[in-house]
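2 protein chains.
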Amino acid sequence: MHQENEVKLTGLISKIYPPMITPAGVKVARIVLEHSSEQMEGGALRYVKCRIYCVYVAAEINQELLDHHVSVTGFLSVNTQKKLVLHITNLKNLD
Amino acid sequence: MHQENEVKLTGLISKIYPPMITPAGVKVARIVLEHSSEQMEGGALRYVKCRIYCVYVAAEINQELLDHHVSVTGFLSVNTQKKLVLHITNLKNLD
Chain G
1 MHQENEVKLT GLISKIYPPM ITPAGVKVAR IVLEHSSEQM EGGALRYVKC
51 RIYCVYVAAE INQELLDHHV SVTGFLSVNT QKKLVLHITN LKNLD
Chain H
1 MHQENEVKLT GLISKIYPPM ITPAGVKVAR IVLEHSSEQM EGGALRYVKC
51 RIYCVYVAAE INQELLDHHV SVTGFLSVNT QKKLVLHITN LKNLD
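Protein chains in written order, with this note's numbering: chain G, 1 to 95; chain H, 1 to 95.
If you're looking for bench data, these hints aren't it; they were derived computationally from the structure. One thing to keep in mind: the hints can contain errors.
Identical copies look the same in the list; a pair holds intra-copy or inter-copy alike.
As the list claims (entries may be wrong) - Straight-line alpha carbon distances no greater than 25 Å define the calculated DSS-like cross-link-like pairs of lysine-lysine that follow: (1) LYS27 / LYS49; (2) LYS82 / LYS27; (3) LYS83 / LYS27; (4) LYS49 / LYS8; (5) LYS15 / LYS27; (6) LYS8 / LYS92; (7) LYS82 / LYS8; (8) LYS8 / LYS27; (9) LYS15 / LYS92.
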């Protein structure tokens, strides 16, 4: 069966952590994304906010992107603490 | 600026909670979705697993869907405990 896991999210980069290096030597960028929008739900418009920790494997996120609006695509996974993490596969600066 | 918040996720319904009724009298279905898939990340295939609490406003989820594979679309938000929640806007039974 084809399994799907696809996220498209816009938001502000509120934090950029120092990049991590995996044991295999791969750079992992890590940020916090703050999202807010209005979404239709059950026939009513709803104000939505979320704050999500994101990793971007084999990529760098320039410190200049702090407080910038970005659009990311990626997939959801959990970290070792079983917390949801957004794995970014594409990031676009909107500012 | 156009804000985006879109999730497409397949998974198994591992729990169906009793529906909640909002103060406005709207039924809210609540489930846990267990997802697993393989995703491309930084040029390598990665095995991905996640377990996410989902709400489906103004909808019902039949108890017969327990342990069934479904495909959902929706958006991410946080609950009052600041935990990420997937708000389902569409659900399709895949079995």
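Now for the hints, and whether the structure bears them out:
1. For the identical chains of this complex, LYS27 and LYS49 are inter-copy neighbours only, at 22 Å across copies versus 29 Å inside a copy, given an alpha-carbon limit of 25 Å.
2. In this homomeric assembly, LYS82 and LYS27 come within 25 Å of each other (Cα to Cα) only inside a single copy, at 22 Å, whereas the closest approach across copies is 29 Å.
3. Taking the closest pair of Cα atoms, LYS83 and LYS27 come within 25 Å of each other only inside a single copy of the chain (21 Å); across copies the shortest separation is 28 Å, beyond that limit.
4. Proximity of LYS49 and LYS8 under a CA criterion of 25 Å is satisfied in both settings, with 14 Å inside one chain copy and 18 Å between copies.
5. Proximity of LYS15 and LYS27 under a CA criterion of 25 Å is satisfied intra-copy only: 17 Å inside one chain copy versus 37 Å between copies.
6. When the C-alpha separation of LYS8 and LYS92 is checked against a cutoff of 25 Å, the pair qualifies both within a copy, at 11 Å, and between copies, at 20 Å.
7. Both within a single protomer and between protomers do LYS82 and LYS8 lie at most 25 Å apart by alpha-carbon distance, with minima of 21 Å and 20 Å respectively.
8. In this assembly of identical chains, LYS8 and LYS27 lie within 25 Å of each other by CA distance solely inside one copy; the values are 23 Å within and 27 Å between copies.
9. For the identical chains of this complex, LYS15 and LYS92 are intra-copy neighbours only, at 16 Å inside a copy versus 36 Å across copies, given an alpha-carbon limit of 25 Å.
Checked against the numbered hints above, the structure breaks none of them.
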